[in-house]
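Got chain B sorted already, so can you dock chain P onto it with the hints?
Note that the protein sequences, when read in sequence, are chains B and P.
Numbered continuously in full-length UniProt numbering, the first sequence closes out at residue 128.
Numbered continuously in full-length UniProt numbering, the second sequence closes out at residue 128.
Bear in mind the hints are in silico, worked out from the structure with no lab data behind them.
The list treats identical chains as one, so a pair stands whether inside a single copy or across any two.
Below 27 Å or equal to it, Euclidean Cα-Cα: the simulated DSS-like pairs (lysine-lysine) are: (1) LYS126 with LYS67; (2) LYS118 with LYS10; (3) LYS118 with LYS5; (4) LYS118 with LYS26; (5) LYS33 with LYS128; (6) LYS128 with LYS52; (7) LYS26 with LYS128; (8) LYS5 with LYS33.
Remember, it's a predicted structure, so these values are computed and weren't measured experimentally.
Number of protein chains: 2
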Amino acid sequence: METAKTAIEKLLFNYQDALNTSDVNKVLSLYTKDGIFMPQGGPSAVGQEQLKGSYEFVFKTLQLNIKFQIDEVTLINENYAFARTVSRGTQLIHATGVKGEEENRELFVLQKENGAWKIARYIFNKMK
Amino acid sequence: METAKTAIEKLLFNYQDALNTSDVNKVLSLYTKDGIFMPQGGPSAVGQEQLKGSYEFVFKTLQLNIKFQIDEVTLINENYAFARTVSRGTQLIHATGVKGEEENRELFVLQKENGAWKIARYIFNKMK
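So here's chain B without its partners, still in its complex pose:
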């Protein structure tokens, strides 16, 4: 049987893959209905409609190619967990064609919704 921890690790890697393929619909499917995205340098996106706009903007602006390293998954109860990750790789800025190194650190609050683990809150920043 799949443990909650395994399911959450799978969710985080699915999110990584959705970022790398610039797949807005896949990203949205990984968030709860009232999920909140708090991107460095941008306003918070609250709920599926704002999430859609926010990720459409991100993916129009750049192409990510990153890998998530999972530093912590802590189960709080059967419906809540949190996780810390570090993501490293590159981003290609479409407007300029410039590719740069990316390194971020993430904190996720995860929530089980309709039987599946989803992203409820997500914020990231830089370690240097």
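Frame of chain B, contents of chain P only:
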């Protein structure tokens, strides 16, 4: 009787006050033993010893004068909660004497330890 939500709001404002008075010992008392601080632009501090070094560095570098606005406190169970805040105000850089506007957005994971709510995980970034 003080509710958990009230106790958590008090914790967040105590943290605000500890930042504004550059009080390392007060900050440390507001974190769990294994608390983690993830400052924008700096390495993660894990546990009381690293937290001490990290906040000593912050307070040697700058003087904060900020107010926390609490956007969300969500209780998960009797021992865990999370909160979102926005902090606004000024920071004075000691080395240069330059005072600038500060605005950050925070995500906290909070945990009850020995009967008191504490900061277990804390990360912040900028909204613009």
